[in-house]
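Asks: Chains A and B supply the protein sequences, listed in that same order.
FYI, the numbering for the first sequence is 0 to 368, going by numbering that gives the first Met the number 0.
FYI, the numbering for the second sequence is 0 to 239, going by numbering that gives the first Met the number 0.
Among the hints, a few may not be true.
[What the hints assert, rightly or not] Computed cross-link-like contacts, DSS-like style, restricted to lysine-lysine with a CA-CA straight-line distance of at most 25 Å:
{"no.": "1", "chain 1": "A", "residue 1": "LYS333", "chain 2": "A", "residue 2": "LYS367"}
{"no.": "2", "chain 1": "A", "residue 1": "LYS103", "chain 2": "A", "residue 2": "LYS162"}
{"no.": "3", "chain 1": "B", "residue 1": "LYS145", "chain 2": "A", "residue 2": "LYS367"}
{"no.": "4", "chain 1": "A", "residue 1": "LYS367", "chain 2": "B", "residue 2": "LYS27"}
{"no.": "5", "chain 1": "A", "residue 1": "LYS123", "chain 2": "A", "residue 2": "LYS162"}
{"no.": "6", "chain 1": "B", "residue 1": "LYS27", "chain 2": "B", "residue 2": "LYS61"}
{"no.": "7", "chain 1": "A", "residue 1": "LYS203", "chain 2": "A", "residue 2": "LYS162"}
{"no.": "8", "chain 1": "A", "residue 1": "LYS367", "chain 2": "B", "residue 2": "LYS61"}
{"no.": "9", "chain 1": "A", "residue 1": "LYS162", "chain 2": "A", "residue 2": "LYS128"}
[To be verified] These stretches of chain B come out as covered by chain A in the derived footprint (C-beta under 8 Å, 3 or more residues):
{"no.": "10", "region": "51 to 65"}
{"no.": "11", "region": "96 to 107"}
{"no.": "12", "region": "112 to 119"}
{"no.": "13", "region": "177 to 190"}
Keep in mind that the hints were calculated from the coordinates and are not lab data.
Every residue, glycine too, gets a C-beta built ideally from N, C-alpha and C.
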Amino acid sequence: MIELALRNLITERTRFAFSAAGIGFAVFLITILIGMYQGWNQKVGSFVEDVNADGWVVRQGTNDFIAAASILPDSMGQQIANHPDVQSVSPLIVRPMQFQHDGKNVDIQLVGYDETTGVGGPPKITKGKGNPGPGEIVLDSTLARIAGLGIGDTLTSGKTSFKVTGITSGGNFAFTQASFVSLDSARSLLDMPGFVTFWTYSTKPGGSQAHLRSDLQDTLPGVTVFSSHEFAQATRHRILDSVIPIIGLIVGLAFIVGIAITSLTIYTATIERAREFGVMKAIGFNNFDLYRLVLVQSMITGVVGFVFGVALTLAVSPFAQRLVPQLIVYTRAKDVLFVLITTVVMAAGAAIVPARRVGSVDPAIAFKG
Amino acid sequence: MATSDAVLELVDVSQTFGAKDNPTHAMKSVSLQIPARQVVIIMGPSGAGKSTLLTIAGALRKPTSGEVIVAGTPLSSLSERRLAEVRLRTIGFVFQEFNLLSSLTVLQNLELVLRKARMPGRSASARATELLSILGLSHRKDARIKTLSGGERQRVAIARAVVNNPAVILADEPTASLDGIRGAEVMSMLQMIAHDMGTAVLMVSHDHRVLKYADRIVWLEDGHLEEREPASMMSSDPRS
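Throw the hints in and build the complete structure from the sequences for me.
Replies: See below:
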């Protein structure tokens, strides 16, 4: 039956190609959307997770790194440091801002960090120097590509100018990119004397992170204390929760389009081969055999479409990412497996209507001249 | 003719089409017994119900009333699945338009039927090759159907019909699409299958040239069957 299905498909190469391409493009769309989601999911939270801290202290009501709607007094740093389980404390000033370069606006997630601890600073310098001095800024490499900025360029905000002295990777949040200045520069730029956005802390070796977090939560007024992982997750939710329904909708549409194209082409082939199906019934094949034949043809089409779609995803993704730096496609093996299962469901779904049509073919059709 | 000798038997078979208040009686209490080794040709005017008789005899349609018995198996109470099994194992079909599966080769057309009958791949291949050799088609076994001539296609169709050693072959106008020479080849083949292999052949035809191959001729008209002498039919226009 598999051989007959294969030969039927090969006999009608053009139709088979259209059908497989239909599934292939649906698979491509589904795979790339899931890959984009996974890429964003990874990038959006990874900076927060990679900051060398066990916990984040934020103003109550602030839930993420991106909005950064938190203001905490400098004095709170000492209060945190006074806990016997705290090893070190570092402040961060974070604000989404708009700078100008050559008359164009450049959106930046500005991060002012303490250069003495380095906590929350540039994750991995790829060009220039790491620690920005007064009037200096280190840009995320994706932002540098998007905005066409390089070492030596100048960014301005009001009357303050920053010279780009370094490029770092690891600051890409997909929808915005971090750039790094010294804590004093950030304070001066934002006119925030005596205040920071977040306090981060690390736990002494042997200290209980849960216990420390609970103590800080109880003793510090008007704050929420997050573990690094929780804060990263909250930041992911902030960005991705608004994207998930859109991705889900497009994945659903791609799924329906895949089923529709495959179903239509297989159905058309079924109608055209109605006589052959009638002959098969006449010479002893039953409806179940013919359902199987249609299903196998659909499955073969699905698998070929799947291979084509995944190959297309892997081939196109690097070019797309080069073209659109914000696009991050992370294709995981388990997501490909999920898409394979989806394809099998898609192919099985596409076979339902044609199989019903085959079931209704009158074998006496074979006697008609 | 003794009923017990028949490999195909129609007992009081009636077939009615159309609305209850205005029915068309294609067959009225038709009875027919076909024993092994006989070539029986059904003739009659167009629209007399000859093809309907074949579809009923071939377990493709259940009659309005009556019973069809194929190789000792009464068909009226069988499920669709069992009927398909009866068709596979005891009936061979030869159609006017050949109806071979175009995506397969000659050999694969035969193997498909054998594999459906659960014959292992190697045995199926050997059986199909042997039969093609007997029927003079071994040189075309790997050919695609579309490359065959009409005569070759019909011979392959006959090979497919007999490959499972059926009790009866039902042939619907097997020479209608062929010229005289090819038609004669096909009829010789069917006669050989009946007389040498022991398979009964029930055939519908309008072609009076085939009558000389018949052991019996039955005439179907107005829903009734009537036995006719081959000699008398050959001396007259069968359509008259």
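Asks: Hint by hint, note whether the structure agrees.
Replies: Comparing the hints with the structure gives:
Restraint check for LYS333 (chain A) and LYS367 (chain A): the C-alpha separation of about 52 Å exceeds 25 Å, so the hint is violated. Distance check on the hinted pair: LYS103 (chain A) and LYS162 (chain A) sit about 16 Å apart at the alpha-carbon level, within 25 Å; holds. Pair hint LYS145 (chain B) plus LYS367 (chain A) holds up; C-alpha atoms about 20 Å apart against a cutoff of 25 Å. Between LYS367 (chain A) and LYS27 (chain B) the CA atoms are separated by roughly 22 Å; this keeps the pair inside 25 Å, and the hint holds.
Distance hint between LYS123 (chain A) and LYS162 (chain A) is fulfilled; the C-alpha atoms sit about 19 Å from each other, no more than 25 Å. The hinted pair formed by LYS27 (chain B) and LYS61 (chain B) meets the criterion: a straight-line CA distance of about 14 Å does not exceed 25 Å. Note on LYS203 (chain A) and LYS162 (chain A): the hinted pairing is violated, with a Cα-Cα distance of about 37 Å set against a maximum of 25 Å. Pair hint LYS367 (chain A) plus LYS61 (chain B) holds up; C-alpha atoms about 18 Å apart against a cutoff of 25 Å.
This hinted pair checks out: LYS162 (chain A) and LYS128 (chain A) have alpha carbons roughly 12 Å apart, not beyond 25 Å. Only residues whose C-beta sits within less than 8 Å of a C-beta in chain A count toward coverage, and the region 51 to 65 of chain B has 5 of them, enough to reach three; the restraint holds. Three residues within the 8 Å Cβ limit are the bar, and the region 96 to 107 of chain B against chain A gives 7, so the coverage statement holds. Counting residues of the region 112 to 119 of chain B whose CB lies closer than 8 Å to any CB of chain A gives 3, which reaches the minimum of 3, so the coverage claim holds.
Only residues whose C-beta sits within less than 8 Å of a C-beta in chain A count toward coverage, and the region 177 to 190 of chain B has 0 of them, not enough to reach three; the restraint is violated.
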